[in-house]
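Number of protein chains: 2
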Amino acid sequence: GKKVLIVYAHQEPKSFNGSLLKIAVEELTKQGCSVTVSDLYAMQFEPRATRNDIVGRLHNSEAFNYGVETWEAYKRGGLSRDVVEEQKKVQEADLLIFQFPLFWFNMPAILKGWMDRVLVQGFAYDLSKAYDGGLLQDKLSLFSFTTGGSKEKYATRGDIRYLLWPMQHGIMHFCGVKVLEPHICYAPENVSEEKRKEMLTAWTQRLKTLWKEEPIDCSPEWYFK
Amino acid sequence: GKKVLIVYAHQEPKSFNGSLLKIAVEELTKQGCSVTVSDLYAMQFEPRATRNDIVGRLHNSEAFNYGVETWEAYKRGGLSRDVVEEQKKVQEADLLIFQFPLFWFNMPAILKGWMDRVLVQGFAYDLSKAYDGGLLQDKLSLFSFTTGGSKEKYATRGDIRYLLWPMQHGIMHFCGVKVLEPHICYAPENVSEEKRKEMLTAWTQRLKTLWKEEPIDCSPEWYFK
Numbered sequence: 030g031k032k033v034l035i036v037y038a039h040q041e042p043k044s045f046n047g048s049l050l051k052i053a054v055e056e057l058t059k060q061g062c063s064v065t066v067s068d069l070y071a072m073q074f075e076p077r078a079t080r081n082d083i084v085g086r087l088h089n090s091e092a093f094n095y096g097v098e099t100w101e102a103y104k105r106g107g108l109s110r111d112v113v114e115e116q117k118k119v120q121e122a123d124l125l126i127f128q129f130p131l132f133w134f135n136m137p138a139i140l141k142g143w144m145d146r147v148l149v150q151g152f153a154y155d156l157s158k159a160y161d162g163g164l165l166q167d168k169l170s171l172f173s174f175t176t177g178g179s180k181e182k183y184a185t186r187g188d189i190r191y192l193l194w195p196m197q198h199g200i201m202h203f204c205g206v207k208v209l210e211p212h213i214c215y216a217p218e219n220v221s222e223e224k225r226k227e228m229l230t231a232w233t234q235r236l237k238t239l240w241k242e243e244p245i246d247c248s249p250e251w252y253f254k
Numbered sequence: 030g031k032k033v034l035i036v037y038a039h040q041e042p043k044s045f046n047g048s049l050l051k052i053a054v055e056e057l058t059k060q061g062c063s064v065t066v067s068d069l070y071a072m073q074f075e076p077r078a079t080r081n082d083i084v085g086r087l088h089n090s091e092a093f094n095y096g097v098e099t100w101e102a103y104k105r106g107g108l109s110r111d112v113v114e115e116q117k118k119v120q121e122a123d124l125l126i127f128q129f130p131l132f133w134f135n136m137p138a139i140l141k142g143w144m145d146r147v148l149v150q151g152f153a154y155d156l157s158k159a160y161d162g163g164l165l166q167d168k169l170s171l172f173s174f175t176t177g178g179s180k181e182k183y184a185t186r187g188d189i190r191y192l193l194w195p196m197q198h199g200i201m202h203f204c205g206v207k208v209l210e211p212h213i214c215y216a217p218e219n220v221s222e223e224k225r226k227e228m229l230t231a232w233t234q235r236l237k238t239l240w241k242e243e244p245i246d247c248s249p250e251w252y253f254k
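The listed protein sequences correspond, in order, to chains A and B. Take the first sequence: its letter number 27 is residue 56 in our numbering, and every next letter is one higher. Take the second sequence: its letter number 83 is residue 112 in our numbering, and every next letter is one higher.
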C-alpha cells in the first residue's frame with residue numbers, strides 16, 4: 030500500500046477542512062494506504078525559524094544564519110526533534126496532501142512554518158539539486174484548500190492559479206516533488222448544506238482515482254497562460 | 030513628519046537584513062519621519078492563529094471559526110493585546126515597510142503570521158470593502174527582501190514578480206494599501222563585500238526620494254505581462 034502524509038492546518042475538527050481531512054483518511058485507508066496526519070494546531074507546531082531548531086553548538090555563533098545552521102545541523106543529525114520527526118514522515122511518504130483554509134492568498138502561517146523548518150537544505154534540495162533534481166524525488170503532492178471568497182470573486186481579479194505559483198512551483202517543484210491538480214472548495218461557509226455535501230462527495234470521488242492522475246506540468250504556462 | 034512602521038523578520042541584527050533595517054531607520058529618521066520597528070523574532074511574535082487571540086468568551090464555542098471570532102472580537106475590543114498593539118501601529122502609519130529574507134518564494138512564517146493575525150476583518154477590510162475600498166486607505170507599503178538565489182537563477186523560471194502577487198495584491202491591495210516598487214537584494218550572501226556595500230548604498234539612495242514615488246498599478250498586468 031502507498032504511504033500518505035496529510036499536513037493539516039485547521040483549529041477545528043468540526044470545520045469543513047476537518048471534514049475534508051476525515052474523508053481523506055477514511056477513503057485512503059480503505060484503499061489500503063497507510064495514512065499519517067500532522068495536525069499542526071493540535072501539535073502546537075512551532076512555525077518560527079529560530080536557533081532552537083539546532084541542537085548543540087552553532088556552526089557560526091557570531092552571526093546566526095538559519096539556512097546555513099540548519100543545513101549543517103541536518104548533516105550532523107543535529108536538528109530539533111520535532112523537525113526530524115516531520116522529515117521522517119516526508120521521507121516515507123509517496124504522497125503529501127496539504128489541507129488548509131486559504132489565508133491571504135496563501136497558506137496559514139503555521140503551515141508556512143512547516144515548510145520553512147522541515148524542508149531544509151540537504152534534506153529537500155541542495156546546491157544545484159533543485160527542481161527536477163530536487164532531493165524529494167518520486168513523491169506526489171496535492172494542495173487541498175478552502176477559500177473565503179467565491180469562485181466568481183477570485184475570477185474578477187485574475188486567475189486563482191496565480192497564487193499557486195509560490196506554493197506548488199516555489200516549494201514542491203523546487204524540491205523535486207510532482208504536483209497534482211489542486212483541490213479547491215470555494216466558500217464552503219457561504220453555500221447551502223446541499224452544496225457542501227456535494228463538495229465533500231466530489232472529494233471522495235476524486236480520491237478514488239487519485240493514483241491514476243498525471244501530475245500537472247509545473248511550468249509558468251500552467252499558471253499564467 | 031510621516032510615520033513609518035517597519036515590520037522586520039530576521040533573527041540576526043548583524044545580517045544583511047539587519048543592515049537594511051538600520052539604514053531605513055537612520056535615513057527615515059534623518060528625514061524627520063517617526064519610525065517604529067516591529068522586530069518579530071525579538072518580540073517572539075506568535076504566528077499561529079488560535080483561540081488565544083480572543084479575550085473572553087467566544088461568539089460560537091461549539092465550532093471555532095478564526096475569521097468569525099476575530100471579527101467579532103475586533104468589534105467588541107476583545108482581541109489579544111499583542112494583536113491590538115500591532116493594529117495601532119498600522120493605523121498610525123503612513124508607510125509600512127516589510128523587511129525580510131525570502132523563504133520559499135514567500136515571507137517567513139513569522140511575518141505571514143503577522144498578516145494573518147493583525148489584518149483581521151473589520152480592521153483591514155470588510156464585506157464588500159476590499160481592494161480600492163479596503164479599510165487601510167491612504168497608506169503605502171513596500172516589500173524589501175533578500176533572496177538566496179541570484180537574479181539570473183530566478184529569471185530562468187519565470188519572473189520574480191510572479192511571487193509578489195499573493196503578498197502585494199492578495200494582502201496589501203486587498204486592504205486598500207498602495208504598493209511601491211519592491212526592493213530586492215539578490216543573493217547578498219554570495220556576492221563580494223563591494224557589491225554588498227553597493228546594495229546598501231542603493232537602498233539609502235532610494236529612501237531619499239521614496240516619498241516622491243508613485244505606487245505601482247497593482248493589476249495582473251504588472252505581475253504577469
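If you are wondering where the hints come from, they were derived from the structure by calculation, not from laboratory data. Among the hints, a few may not be true.
Repeated chains share a single entry, so a pair holds when one copy, or any two copies, can fit it.
[Stated by the list, open to error] Here are the simulated lysine to aspartate or glutamate pairs, EDC-like style, with alpha carbons at most 20 Å apart:
id, residue 1, residue 2
1, Lys168, Asp155
2, Lys254, Asp188
3, Lys104, Asp123
4, Lys182, Asp111
5, Lys237, Glu91
6, Lys254, Asp68
7, Lys117, Asp68
8, Lys59, Glu250
Against the structure, the hints:
1. For a Cα distance limit of 20 Å, the shortest separation of Lys168 from Asp155 inside one copy, 17 Å, qualifies, whereas the shortest one across copies, 40 Å, does not.
2. For a Cα distance limit of 20 Å, the shortest separation of Lys254 from Asp188 qualifies both inside one copy, at 10 Å, and across copies, at 14 Å.
3. Taking the closest pair of Cα atoms, Lys104 and Asp123 never come within 20 Å of each other, the shortest separation being 23 Å inside a single copy and 46 Å across copies.
4. Taking identical chains as interchangeable, the C-alpha atoms of Lys182 and Asp111 are never at most 20 Å apart, the minima being 39 Å within one chain and 32 Å between chains.
5. Proximity of Lys237 to Glu91 under the C-alpha cut-off of 20 Å is found in neither arrangement, the shortest distances being 53 Å within a copy and 32 Å between copies.
6. Taking identical chains as interchangeable, the C-alpha atoms of Lys254 and Asp68 are never at most 20 Å apart, the minima being 35 Å within one chain and 39 Å between chains.
7. Within a single copy, Lys117 and Asp68 get their C-alpha atoms as close as 15 Å, which meets the 20 Å cut-off; across copies the closest is 33 Å, which misses it.
8. Neither within a single protomer nor between protomers do Lys59 and Glu250 lie at most 20 Å apart by alpha-carbon distance, with minima of 36 Å and 46 Å respectively.
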